[in-house]
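Undergrad: Sequence:
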Amino acid sequence: MSTTRPYPPGDLGPESGGAGASAAPAAAIPAGQIRRLRLAGTRGAVARGRDFARQALHDWGWLPAAGADQRAAAEDVLLVVSELVTNACLHAEGPEELRLRCTAKVLRLEVSDLGAGSPAPRSPHRPGRPGGHGMFIVQRLCLDWGVVRNADGAGKTVWAELAAPS
Numbered sequence: 001m002s003t004t005r006p007y008p009p010g011d012l013g014p015e016s017g018g019a020g021a022s023a024a025p026a027a028a029i030p031a032g033q034i035r036r037l038r039l040a041g042t043r044g045a046v047a048r049g050r051d052f053a054r055q056a057l058h059d060w061g062w063l064p065a066a067g068a069d070q071r072a073a074a075e076d077v078l079l080v081v082s083e084l085v086t087n088a089c090l091h092a093e094g095p096e097e098l099r100l101r102c103t104a105k106v107l108r109l110e111v112s113d114l115g116a117g118s119p120a121p122r123s124p125h126r127p128g129r130p131g132g133h134g135m136f137i138v139q140r141l142c143l144d145w146g147v148v149r150n151a152d153g154a155g156k157t158v159w160a161e162l163a164a165p166s
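According to the working numbering, the sequence shown is numbered sequentially starting from 1.
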């Protein structure tokens with residue numbers, strides 16, 4: 001898990017408007033948008049989560065992609081959603097909820113579940129073996145990721161952040 005960010009997990013950092021602000025037009029930036037999908041007890045949670053994320057990306061102007069960078073960013077989001085929801089299905093009694101938070105700079109994906117374990121990339125990573133690649137993929141594609149335990153002690157939220165397309 002990365003510890004290189006200058007702000008705490010859950011804090012998306014300073015908003016645009018200062019130095020290094022995105023050059024994208026304000027109408028295309030879904031600043032502060034949050035989408036939620038309840039997944040508890042549903043069948044086909046991975047496909048539902050991916051479809052939900054695809055619709056959000058469409059609504060936010062990431063899709064249809066205007067260029068290769070935007071297409072790659074959208075594909076990365078869909079892959080990370082698939083991996084996080086799959087992990088909750090396989091290792092944490094199923095996902096409870098998928099949340100997407102979008103700012104001008106970052107898209108944050110969150111999957112909450114009632115499981116006790118903590119996801120981690122397998123070490124050492126063995127690319128030739130089946131299975132065990134999900135969190136390695138998340139680690140490689142994301143700016144940062146982590147786990148926040150629920151205050152009541154039951155379950156957690158696994159989150160990952162990806163850069164918004166330029």
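Derived from the structure by calculation, the hints contain no laboratory data. The beta carbon of each residue, even a glycine, is placed where N, CA and C say it ideally should be. Please note: incorrect hints may appear among the correct ones.
Pair ranges (Cβ atoms, derived) [unchecked claim]:
1) P127 to N150: 29 to 37 Å
2) A72 to A151: 33 to 41 Å
3) R149 to A40: 29 to 37 Å
4) V148 to A66: 32 to 40 Å
5) D152 to P64: 22 to 30 Å
6) A154 to A120: 26 to 34 Å
7) G67 to A154: 19 to 27 Å
8) G67 to E97: 29 to 37 Å
9) G67 to A151: 41 to 49 Å
Undergrad: Each hint: holds or not?
TA: Evaluated hints:
no.: 1; hint: P127 to N150: 29 to 37 Å; verdict: holds, 33 Å
no.: 2; hint: A72 to A151: 33 to 41 Å; verdict: holds, 36 Å
no.: 3; hint: R149 to A40: 29 to 37 Å; verdict: violated, 18 Å
no.: 4; hint: V148 to A66: 32 to 40 Å; verdict: holds, 34 Å
no.: 5; hint: D152 to P64: 22 to 30 Å; verdict: violated, 42 Å
no.: 6; hint: A154 to A120: 26 to 34 Å; verdict: violated, 20 Å
no.: 7; hint: G67 to A154: 19 to 27 Å; verdict: violated, 44 Å
no.: 8; hint: G67 to E97: 29 to 37 Å; verdict: holds, 32 Å
no.: 9; hint: G67 to A151: 41 to 49 Å; verdict: holds, 42 Å
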